[in-house]
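**Q** Each chain, letter by letter, is given below.
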Amino acid sequence: VFLENQCGTLDCHGQIGRPLRLYSVNGLRAPNDAGMVPGSGAETTAELYSNYLATIGVQPEVMDSVVEGKAPPTALLLVTKPMGLERHKGGTRIVLGDPMYRCLTSWLLAPSGQAPFDVQACDAAAALP
Amino acid sequence: LAAVVPCLSCDFVIGDPVHQSQVDALGPEKQGIPRGPYHRAGQPCTVCHSTEGPASTVFVLAGTVFSSKTTSASQPKLVGVEGASVGIVDDEGSEFLATTNCVGNFYVSPNDFNPAFPVLVDVSMADAGVATMTTHIGRAGSCASCHADPASPSQPGHVYLSTSAPTSNPGCPVSPVLAGN
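The listed protein sequences correspond, in order, to chains A and B.
If you're matching positions, the first sequence starts at 1 in the numbering used here and goes up one per residue.
If you're matching positions, the second sequence starts at 130 in the numbering used here and goes up one per residue.
No lab work stands behind these hints: they were computed from the structure.
Worth double-checking, as some hints may not be accurate.
[Claimed, not checked] Derived DEER-like restraints, expressed as beta-carbon distance ranges:
no.: 1; chain 1: B; residue 1: LEU226; chain 2: A; residue 2: GLY39; range: 21 to 27 Å
no.: 2; chain 1: B; residue 1: ARG268; chain 2: A; residue 2: SER40; range: 23 to 29 Å
no.: 3; chain 1: A; residue 1: THR44; chain 2: B; residue 2: PRO166; range: 41 to 47 Å
no.: 4; chain 1: B; residue 1: ASN243; chain 2: A; residue 2: ALA75; range: 47 to 53 Å
no.: 5; chain 1: B; residue 1: ILE162; chain 2: A; residue 2: GLN120; range: 30 to 36 Å
no.: 6; chain 1: B; residue 1: PRO166; chain 2: A; residue 2: ASP98; range: 36 to 42 Å
Every residue, glycine too, gets a C-beta built ideally from N, C-alpha and C.
Could you put together the complete structure from these sequences and hints?
**A** Structure (structure tokens):
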């Protein structure tokens, strides 16, 4: 949810044609016949699954290495771009140690048992203005 | 060949074709509406009003606020709202208030306010309450780059504010009615 809220606005990753395309209730909606536009209706399972695929699909092989504990989270553009370590048109959005950083890295490290998934950080990150 | 090759790397001569196509897509000026603060209501202002031009003035944020949608056939669908307040809070907590002119347009010059994106925006008017955006603006300077009609899965429609105030100011140099929508 934090990626949807913080990264998935219509002028950023909630935009057709952009890598890491993210759907969300208040941003881009998946094509639908239900009349759902930004700001209306509930998020669908298809949108959530598409977001998951988009997130793990930026660098699938590196993502494998990270979740298996063979590479650090900073091997991923998903982490380095919003931290400003790689060029990012949206600027620096995540700072080392902030809720977004803790949420994202704990999600990446949890599968290999290196850290527990930090639900509190993710709740805080999603609620940030 | 020698005369041609040096120019192949001159982006400033050739220009950005993507940007140019965005400018071209806006079409010509409407008849009877001169260039200035009342023109091109509802269009993405910063396509032209950016450092890339072609407008000579640069805006960091700009757009148009319309009165609420109406189903009445006797009333036009889109009428600009005068006097709406557009409140902006940037990532560092700095605040700025812009006000719409008689066609509903507002614009913020970087000399007046140069926000650190992302920004939060609300639109308010005394008799209409406050409409707050449900998301922040990551970097787009034009309301209409996302808020365009018709509403669809990829765009929420124009910015509307339900108001009972008169939406047509007889003193306005141009009509606040956006034709063709």
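**Q** It remains to establish, for every hint, whether it holds in the given structure.
**A** Hints, verified against the model:
For LEU226(B) and GLY39(A), the hinted distance range of 21 to 27 Å is satisfied, since their beta carbons lie about 24 Å from each other. A hinted range of 23 to 29 Å for the beta carbons of ARG268(B) and SER40(A) is consistent with their spacing of about 24 Å. A hinted range of 41 to 47 Å for the beta carbons of THR44(A) and PRO166(B) is consistent with their spacing of about 42 Å. In this structure the supplied range 47 to 53 Å is violated for ASN243(B) paired with ALA75(A), their Cβ-Cβ distance being about 35 Å.
Separated by about 54 Å at the C-beta atoms, ILE162(B) and GLN120(A) break the suggested range of 30 to 36 Å. A hinted range of 36 to 42 Å for the beta carbons of PRO166(B) and ASP98(A) is consistent with their spacing of about 40 Å.
Of the numbered hints given earlier, the model fails hints 4, 5; all others are met.
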